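Please model the complete structure; the sequences and the hints are all you need to start from.
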Amino acid sequence: MSVFMTLAAVLVLALAGYLLSRQRALATAGGNPRLLHSLPGYYGWNGAISVLVPGLALLILWLMAQPMVIEQRVAAALPPEMTADAASRALALADIRRVAGGLDAAVARGALTSDAALSLSAAEARATLGSVGVALGSEVSTTTLAAAQDYRAAAAWGAALRTVLVLVAAVAGLFRAVRQSHKDFRARNSVERVILWLLIAASSIAVLTTIGIIWSMVSETVDFFSKYPAQDFFFSLTWSPNFRGGSELGIIPLIWGTLYITVIAMLVAVPIGLFAAIYLAEYASRRTRAWVKPLIEIIAGIPTVVFGLFALVTVGPFLRDWFAQPMGLGNSGSSVMTAGIVIGILNIPFISSLSDDIINAVPQSLRDGSYGLGATRSETVKQVILPAALPGIVGAILMAASRAIGETMIVVMGAGAAAKLSLNPFEAMTTMTVKIVGQLTGDTDFASPETLVAFALGMTLFVITLGLNIFALWIVRKYREQYE
Amino acid sequence: MTDLSAAPACLPRPRPSLLDPSDRMRRRNAAETRFRLYGLAAIAIALTMLAIMLFTILRDGVSAFTQASLSFPVELSAEVLDPEGNRDRAEMAKVTTIGYGRVLAAAFTAELGRRGIATDLSEKDIGALISRDAPGTLRAQVLANPALVGTTIDAKVFAAGRIDGFLKGRVTLDSAERDSNISPAQLRLAQQLVEAGILTSAFNWDFLTNPDASDQRPEASGLGVALIGSAYMMVLVLLMCVPVGIAASIYLEEFAPRNRWTDAIEVNISNLAAVPSIVYGILGLAIFINFAGLPQSSSLVGALVLSLMTLPTIIIATRAAIRAVPPSIRDAALGVGASKTQTVFHHVLPLAAPGILTGTILGLATALGETAPLLLIGMVAFVDNYPAAPPDGILSPATALPVQVYSWASRSDPAFIERSNGAIIVLLVFLVAMNVTAILLRRRFERRW
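As they're listed, the protein sequences go chains A and B.
According to my numbering, the residues represented by the first sequence are 1 to 484, in order.
According to my numbering, the residues represented by the second sequence are 1 to 449, in order.
Be aware that one or more of the hints could be misleading.
[Said to hold, decoys possible] Chain B side only, calculated, beta carbon under 7 Å to chain A, not exhaustive:
| id | residue |
| --- | --- |
| 1 | 28 |
| 2 | 251 |
| 3 | 420 |
No lab work stands behind these hints, which were simulated from the structure alone.
Every value quoted in this text rests on a predicted model; they were computed, and no experiment measured them.
Glycine residues also receive a C-beta, built at the ideal position from the N, C-alpha and C atoms.
Below, the structure is given as structure tokens:
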């Protein structure tokens, strides 16, 4: 029985569990729901849950474990030269899976009967599988075919066992629930306990995500450092990956490009964002504010790939033709300046709305005091409000900087791909995010340091942005307590 | 002390009237005006940038929705297309697109002769006005319906990308001089064809339905696969992210005891919201593709990555909505004997629903526009087959709208930049629709307690 059918059967059993449990609980109360401990529906839900939880848990565990167990067995039966190291073992297993999958597909399409599939010779295998759309790179060896047949047999056996066990677990759950359903049984408490556990599980996903991020990057980064010395990665001034070996993978040019772009972005975003926030908070009438604030926030809702295209098609050529070439600073459309300015624009609404909130949180009494002493509005802003709001604004700027460092699409499309250490802002440079994309797209070999370096870059990026954010949140939180 | 005694000497004599300001006052007022202008200038710059960006996208992108096509009769001669003469599909499939290309070029040249359009171009150069996609389309049409062989059909085929660009003003006689793909003579012929009504430009539905096409055929490329891929992913994100997000928020707001563990979860969520999106791509590549062995560039993996990315946003919005429900509602429910769970699910959640919905829509809008993580899980690959219908389709290779924008933008032919802008327009239409829905929902259901 297929997974889908098993799932359907479990659902039908759950429905039966709901109806039977509810009915039996009512029967024990002589049909009078007021004698029950809980509402009748809770008995039903208890029945359904008792079926679903063991059935689905077993099904999911089995689906995850079965391939691993079977591959272990199949690999153990392979001749030792095919499983000498991890890469060739993975390759052999992939071949076997592919042949086995192809045979299954052939049987499903009726190109082969199941008996014919079992007695297929290695010589015919490739042509037969090709006819059902499973293209194989080379002829199938006898060992692979035999292993594939083993694989299919084990998989079929596992599927049968899975169906039986899942159904047995579900039916057992059903019986337990129906027997439990008695008018004194505390069905609501039992259902609510399950709901609470579901809620806890859902909120743990956030933590699991973090663990997943860290685990995925740490394991590959460690792998990378075992193939490439760490001090070369952190201190070398050259970045020149070469998939044929002998690459130099120094992170410093990438960090330089990232920071240069971030600084330019902040030079654009901070003055514009901050002045816009000051104007909106201190000068604008209520009506202007109601119109302008959402308009500025539109910028934040536009996908970054749109800004990337804007950098590539409009800003890059404009800067090249009007600034870089007349000043003799190069003739590249993609440059640090292009990416920096566009990221700056992207970050304006971020800085302006955060600063706006922070400025509004400064107590009115401070303003009134300042006006009372005869200060003008701008003097009040400069000498009273900004100093009071400074920690919060610094926090906002740090958060915006962390966003600029992690920005990907704009730099991929606007900054260029050449890793350089240069001061010329009109030259194409590159960032960590560009290189992560570059090393991980296309055909990648997860054993080579040239691919694995992307994980080390990702780890560095993660640590930098996380550090900045934690620091910024700490500043903001500390400041908030000041006026509460 | 010296300061004090010296100060009165420096002070200007008091003026008779406040309406006659001193120099110092004038300077202060000027500084005030300047400061105010800086603020206005900042807002003006930000909004101008936005306006320029939207304007360039519209200017360059609207033309992607129209397409030049050629209409002329084509005689599907049986000798060329079905040499065996038995209308057997397997036999006819031996005639490649090159054969169909010759048929089209010959029919087109013949039509020019019939209409009396004089040209000294060779048949090959005339045929180059027809899109390279046309022979394949015609072949599929004939193979689907072998009875067409031997008849004459009215074909309406795309014009080549450069001809399309000529009608849209992107390609000119000057630029054709330097272009190896088109000659000024061909453009002059195109001009004559427009006058004769053979070459026309019309709204191009194929831009929304066709799959992507190779570098040589910008005119045939469309957003079909990207739209399906994005739709699959949005549905999956909705199915995975919303229940989990709401459940997590309910737990954190209503049930969680204040302890280290829940503090850790909260700090975690606010930090996850700030993790660069590309890091989620790395996570997806390492865990869902390399570890769990899910297929590359499938909608399922894309949706999983986007869900994890959107989850913090949805949790933050949902928690705010739940917090906005006043405690008196909970007290009243508990007071009449509801359990804690019943209070939350029967009273708090329905009252928080508009806020949750708004937050969810905005979270989905972000997910719809996200590109970087999808590049890492292989969605940038060239996909010219429509994904299968669900549920199998979520495992077949697909691409997404923003990724299509990126992959078109990185091709060399300027016709793809136009299409990239066109794709952005489609993307922005969806985003505007989602945001407007969110705003309307907020207006309609907003409740002050």
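> Which of the numbered hints above does this structure break?
Replying inline: none
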